[in-house]
Amino acid sequence: MTNKEFSKKIRLETLKMVYQSGSSHISSAFSYIDILAVLYNQILNININNPEDPIRDRFILSKGHACSSLYACLAIKGFFPIDKLSSYGQNNEILMNHVSHKVPGVEFSTGSLGHGLPFGVGIAKALKLKYIKPPKTFVLIGDGELAEGSNFEALLFGAHHKLDNLILILDYNNLQSLTTVEKTLNLKPLDEKFKAFGWNSFEIDGHDHSILNKTLTNIPLNHKPSVIIARTIKGKGVSFMENKVKWHYKSPTKEEYIKALNEINYEK
Amino acid sequence: MRNRFIESLIEMAQEDERVILIVGDLGFSVVEPFQEKFPDRFINAGICEQNMTSLAAGMAKEGFKVFVYSIGNFPTFRAAEQVRNDICYHNLDVTIVAVGGGLAYGNLGYSHHSIQDYGLMRLFPEMTIISPGDPNEVYSCMNFIKKDNSPKYLRLRKAGEKNYSKDNVEIIPGIWNPIIIGNPKKTFLSTGYGMQLAFDQIFVNPLYKDYSLYSCPIWGPKYDELQYNQYEKFDELVTIEDHLKAGGFGSWLIENVKVKANLKLGYVSNSVIGKVGDEKWLLKNLVVE
Chain G
666 MTNKEFSKKI
676 RLETLKMVYQ
686 SGSSHISSAF
696 SYIDILAVLY
706 NQILNININN
716 PEDPIRDRFI
726 LSKGHACSSL
736 YACLAIKGFF
746 PIDKLSSYGQ
756 NNEILMNHVS
766 HKVPGVEFST
776 GSLGHGLPFG
786 VGIAKALKLK
796 YIKPPKTFVL
806 IGDGELAEGS
816 NFEALLFGAH
826 HKLDNLILIL
836 DYNNLQSLTT
846 VEKTLNLKPL
856 DEKFKAFGWN
866 SFEIDGHDHS
876 ILNKTLTNIP
886 LNHKPSVIIA
896 RTIKGKGVSF
906 MENKVKWHYK
916 SPTKEEYIKA
926 LNEINYEK
Chain A
190 MRNRFIESLI
200 EMAQEDERVI
210 LIVGDLGFSV
220 VEPFQEKFPD
230 RFINAGICEQ
240 NMTSLAAGMA
250 KEGFKVFVYS
260 IGNFPTFRAA
270 EQVRNDICYH
280 NLDVTIVAVG
290 GGLAYGNLGY
300 SHHSIQDYGL
310 MRLFPEMTII
320 SPGDPNEVYS
330 CMNFIKKDNS
340 PKYLRLRKAG
350 EKNYSKDNVE
360 IIPGIWNPII
370 IGNPKKTFLS
380 TGYGMQLAFD
390 QIFVNPLYKD
400 YSLYSCPIWG
410 PKYDELQYNQ
420 YEKFDELVTI
430 EDHLKAGGFG
440 SWLIENVKVK
450 ANLKLGYVSN
460 SVIGKVGDEK
470 WLLKNLVVE
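Quick note, the sequences are listed as chains G and A, same order. Residues 666 to 933 in my numbering are what the first sequence lists, from first letter to last. Residues 190 to 478 in my numbering are what the second sequence lists, from first letter to last.
It is worth saying that the hints were derived from the structure and are not from the lab. Mixed in with the good hints there might be a few duds.
To be verified - Below, a list of computed lysine-lysine pairs in the DSS-like style, where the Cα atoms sit at most 25 Å apart:
hint	chain 1	residue 1	chain 2	residue 2
1	G	LYS767	A	LYS464
2	A	LYS226	G	LYS827
3	G	LYS879	G	LYS860
4	G	LYS795	A	LYS464
5	G	LYS915	A	LYS464
6	A	LYS473	G	LYS767
7	A	LYS464	G	LYS749
Stated by the list, open to error - Simulated coverage check for chain A against chain G, where a stretch passes if three residues somewhere in it have a Cβ under 8 Å from a Cβ of chain G:
hint	stretch
8	232-239
9	270-277
10	383-392
Glycine residues also receive a C-beta, built at the ideal position from the N, C-alpha and C atoms.
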C-alpha cells in the first residue's frame, strides 16, 4: 500500500467512526493522518504478530482526543480487526474516545495534555539503559498542548540526557480549542526555541509524504533529541472542515458525512 | 527511617538490577551511597515533579522497578495527575517515596507539612500506602516492596525515630502488626509516625497504660475488606496518625467498618475505573451498601 492509499484509507475509516459514534475531534484526528501513514508504513520498526516485541519502536500519541485516526491506522495495519472500529465510543468497549492502552498497538493512554512527552522521555531513557542500539521513541503532541509546563520539563530532560532515540513530532496546525495558537498563547519562535533547548529541530510540511519520510529516516544520531515541527492543516482532507474551530467539536450530519466521503474518495 | 530505607534499597538493587532511583533534586546526605554504587541507576531528575513522575512511569513500563524520592507534597500533590493517569491507571511498579511525612519539617511551614497526602494517595484504587512507624518497620516493609509490582506510596519521616517493632518481620498488607499486647479489648491502632506518638503522648497517660498497640504500616483501598474482622475483636479502638482527619487513616478505617448499622453509603464503585460508555451506563456502577 502506498502512503497515499494508506492515508486515504485511514481518513475514510476515521470519518466513518466519528460519524457513527457522533463524537468530536474529527479535525484533530485528520490533522496528523499523513504523519501516521508515513510512520506506520515506512518508519516504525513494529511487528503486528508480536505487538510487545521489546525491540519495537514506540509511538505515543499525547493528544489523546485525536485517537480515532490512530485506531483506524492500527486496525488497517492488522493489530485488530477493522470491523472492531465500529465499536468506537460505544458502551463497555475498549475503543474509548481518548487513546487507550487497552487497544492492541497502543503504548500509553492519554487524554489530559502534557503527559506524552514526559512519559516518552522515560521510555527513551529506559531503552538507552537497556540497549546499545536502542529502539526509537516517537511522541506526537499538539501545538496548543505545548503550553503545558510538563513539556518544557521534559524538553530539558531529553537534552540533558542526550536522548537521540527520542523524536518529538509537533502537529503544528495552529488551531486550538477556541482560536489560533497566536491568539491564545503564542509559541513563536518555535524552531529557535527547540534549538535553544538543545534539540535538533526540523520544520517541514506535515502532509508531504516524501518529505516526512526523508526527515524521519534521517534523524541524526548526534546525542541530541529531535523535534519535527510538522506544519499541518486541522481537518486536512475535507475542505469544509479545514481550519474551522467548530470541527474540533462537531460530528458530521448525514449530508456532511456523504459530502466528506466523496471528497476523500475522489481526492486527486 | 531515611537511612534504613536507603540501606534496604541498596540491598534490593544489588539483588535486582531493575531497581532505579530517581530523585527530585533532594536527598542530600541520604542517597549518595546508592548513587556511588549504582551511578547508571541513579537519576537526579531536577526540580520538576511532573516530568519526574511521568518519566518514572515510562521507565517502569519498560520493565524497571522505579523509586521516586522527594519531599511530602512534591511527588504527590504537585504531580497528582501524573500519579493518577500515568502510574496508577497503567498499574506500574513505581514506588513514590516521600520523606518528611506529617509535620516532620515543622518549622519549614505549610508548604512542607504533609498532612493531606494519605487522603490523596488513597483515592487511587491501584495504590498501596506504606507508612512504617519505625526503622524496623521500614525494613520489613521493604521486603513487601521488593515483591510487589504495582503502584506504591512509601511515606517516611526523617531520622532519629526509636525502634518499637520487631525487626524483619513479615508484614501482610492490611494486617495489623502487634507492637504491645496489653488489654485484649482495648487498643490503639497507629500508622506511620503515629506509633511514635503513642509512646510519646498516649502511654504516658495513666488512663491508657494497659492498652494494646497495633501498627498498620501497609494499607489502602486494596485492603478494605480485611479491616472489619480485625476491628470487631475490640470494644474500644483509637487510631493515631499525623495526618488530618479528612481522608486519613482513621477515616479509611471508619469507611471499612460499620460504626453504626443504620449508616450506609451509596457511591460509585471502583469497578467503574477504566470502563468507557455514556454517563447513564457508567452510573450503573453505583453501589448502595
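Hint-by-hint comparison with the structure:
Between LYS767 of chain G and LYS464 of chain A the CA atoms are separated by roughly 10 Å; this keeps the pair inside 25 Å, and the hint holds. Taken as a hint, the LYS226 of chain A and LYS827 of chain G pair is honoured in the structure, with Cα atoms around 23 Å apart against an allowance of 25 Å. The hinted pair formed by LYS879 of chain G and LYS860 of chain G meets the criterion: a straight-line CA distance of about 20 Å does not exceed 25 Å. Distance check on the hinted pair: LYS795 of chain G and LYS464 of chain A sit about 34 Å apart at the alpha-carbon level, beyond 25 Å; violated.
The hinted pair formed by LYS915 of chain G and LYS464 of chain A meets the criterion: a straight-line CA distance of about 24 Å does not exceed 25 Å. Annotation: proposed proximity of LYS473 of chain A to LYS767 of chain G holds, straight-line Cα distance about 22 Å (limit 25 Å). Taking the CA atoms of LYS464 of chain A and LYS749 of chain G, the gap is about 17 Å. The hint holds against a cut of 25 Å. Given as covered by chain G, the stretch 232-239 of chain A passes the check, having 5 residues with a CB less than 8 Å from a CB of that chain where 3 are the minimum.
For the stretch 270-277 of chain A, the stated coverage by chain G holds: 4 residues have a C-beta nearer than 8 Å to a C-beta of that chain, and at least 3 were required. With 0 residues having a Cβ less than 8 Å from any Cβ of chain G, the stretch 383-392 of chain A misses the three-residue criterion, and the hint is violated.
Hints 4 and 10 from the list above are not met by this structure, while the remaining hints are.
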